[in-house]
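With chain A's structure known, arrange chain B on it following the hints.
Going down the list, the sequences are from chains A and B. Once you know that position 60 of the first sequence is 60 in the working numbering, the rest is easy, because the numbers rise by one and skip nothing. Once you know that position 231 of the second sequence is 231 in the working numbering, the rest is easy, because the numbers rise by one and skip nothing.
Treat the hints as calculated values from the structure; they're not laboratory data. Only a predicted model underlies this, so the values are computations on that prediction, with no experimental measurement involved. Worth double-checking, as some hints may not be accurate.
All copies of an identical chain are treated as equivalent in the list; a pair is satisfied when it fits inside any one copy or across any two copies.
Heads up, simulated PhoX-like pairs for lysine-lysine below, C-alpha to C-alpha not over 20 Å straight-line [said to hold, decoys possible]:
no., residue 1, residue 2
1, K137, K164
2, K257, K137
3, K295, K257
4, K197, K160
5, K182, K226
6, K87, K77
7, K226, K20
8, K164, K197
9, K87, K226
10, K182, K87
11, K137, K160
12, K257, K197
13, K87, K20
14, K137, K61
Number of protein chains: 2
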Amino acid sequence: MSLLVTGSIGIDTVETPHGKRDDVIGGSAVYFSYAASFFTHVRLVGVVGEDCPRSMFDVFKERDVDTGGLEMRKGSKTFRWHGSYVKDMNEAETVEVDLNVLSERAPRIPQNFLDSRYVFLANTHPVLQQEMLGSLKSPRLVVADTMNLWIQTERPELLKLLGKIHGLVLNDGEARLLTEEKNLISAARAVLRMGPKFIVIKKGEHGCLMVSDRGEFVLPAFPAQKVIDPTGAGDSFAGGMMGYLATQGTFSSATLKRALAFGTVVASFTISDFSLAGLQSTDRDRIDDRWHEFKQAMSF
Amino acid sequence: MSLLVTGSIGIDTVETPHGKRDDVIGGSAVYFSYAASFFTHVRLVGVVGEDCPRSMFDVFKERDVDTGGLEMRKGSKTFRWHGSYVKDMNEAETVEVDLNVLSERAPRIPQNFLDSRYVFLANTHPVLQQEMLGSLKSPRLVVADTMNLWIQTERPELLKLLGKIHGLVLNDGEARLLTEEKNLISAARAVLRMGPKFIVIKKGEHGCLMVSDRGEFVLPAFPAQKVIDPTGAGDSFAGGMMGYLATQGTFSSATLKRALAFGTVVASFTISDFSLAGLQSTDRDRIDDRWHEFKQAMSF
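The shape of chain A in the complex, shown without the other chains (with noise of 0.2 Å):
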């Protein structure tokens, strides 16, 4: 079944122990569409500005992705970030950060985008989610990202969205800013009681939790002993979850399960190398395997 993701589309240069990148394709939706394509056929929707060379997007010529969403709007730059995790591989450090066309208007979905059933929200301004969601004829499975800034500043959009989202995907410490809960199940309860089925709490090394009505399930991170650039790692895992849920068509509690184990998988290839070398050094074999490893790391 088709995915449709939107969501951001950047230049990055990152700094880690490891090294310095400069220039390099990053953004929300460029890491979840790859990550996806592992499992399923992707629609993209972004909007680059026309510092943005086309050559950047050859890394999708590969992947089952359409880029027929993807907008290079004329007289607009693209969205830059500049990140370290010299001083904490855990937490990227903002160097610099220019919005740039993130801050106009949305793109346009496509119509024959519009017919897609699964649909990821990477994280941009909860009134824009709204819109491109109420654009989709009839998705079947919503899932959405957000970010402290929109918990902060904008609260009232972002609780209309929870309301009209199966899932919510999004990290420790914006889980207990947007419900003022410590304990992360308490949390996890709490926004479930904002609207939507499931939540998915990302902990970075320390793996993830998802808690829905059918109770909790938790996993470790991959215990990988390569980690190099932990940028895209949260949008590659929703990537890899949404991209096996797509190819399911039940969300019961044991696929919800294993889309988690895929997505934990996924970005641990993304954090082995910088931008996307990681993910573009494997396939969906190895991914296979390395679940199969996965799973049993961590049965008794």
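For chain B alone, coordinates are given in the frame of chain A:
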């Protein structure tokens, strides 16, 4: 099989966001013994001062714990610890600590304990740990804990100890300090090269990790909604783990994994109330039920 533990016995004062308890029973050997006694017969070796009320050990009357190795030393004072989790439930702030009798000579292991086959050397000076280990006749599985202080001040003696034990249990910060490796898998592998056959790294609310030459095993913490007092969680974890191992007779990967899961579950009871009250509120049946619940909560 008999499980011997040597470690601290203390009188604690603990503050958490949920309240304060003055002069309650605590110490590594106490939490360990109570936790392990759900599984096997425990031999407790430790020392307190003459200020310690005998009634404090009434908690062990109903348990399968032999307190014959408990020395009440005339002229000495009991170890006292005053900690606070008010600012951070994940890390105790030590308000006051008086080593008292713990800074004197070690307690003697009774003659009838010297044939113990399973041994846990809870955190104390590595010279004392080696002395106590040396007096045992034919230990079959020896696991030790340690702490920052000894890693920083008694490294040569600690390294000698590591050459004599089968397993080491320590927390993430200690593993990083001991090995100067940031990545925990790399840290655990570095400890393996120092002697032990397996390393268990405790990550508090983020679960634990075991590394041996047979691979890695990762576990999230039990998804607990009720965390009242984290004191003793790590020692209860070790107690549950060793208690289960002492009943098994083999140390296969599968057995070690199940043991870590039992440790995780027992610790989840400890943190649900102050001091030993969480452990006192449970029994082996409830532990087994939660073990299955935990297995379910992370199976995919």
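Verification of the supplied hints:
1. K137 - K164: within (14 Å within a copy, 67 Å between copies)
2. K257 - K137: Answer is neither: 28 Å inside a copy and 48 Å across each miss the 20 Å cutoff.
3. K295 - K257: Answer is both: 11 Å inside a copy and 13 Å across each meet the 20 Å cutoff.
4. K197 - K160: Within one copy only: 15 Å inside a chain, 54 Å across chains, cut-off 20 Å.
5. K182 - K226: between (31 Å within a copy, 11 Å between copies)
6. K87 - K77: neither (30 Å within a copy, 44 Å between copies)
7. K226 - K20: Intra 16 Å, inter 43 Å, cutoff 20 Å: intra-copy only.
8. K164 - K197: Result: close within a single copy only, 10 Å intra versus 52 Å inter.
9. K87 - K226: within (17 Å within a copy, 33 Å between copies)
10. K182 - K87: Answer is between; shortest inter-copy Cα gap is 12 Å, intra-copy 25 Å.
11. K137 - K160: within (19 Å within a copy, 69 Å between copies)
12. K257 - K197: within (14 Å within a copy, 32 Å between copies)
13. K87 - K20: within (14 Å within a copy, 36 Å between copies)
14. K137 - K61: Neither: 28 Å inside a copy, 68 Å across copies.
Checked against the numbered hints given earlier, the structure breaks hints 2, 6, 14 and satisfies all the rest.
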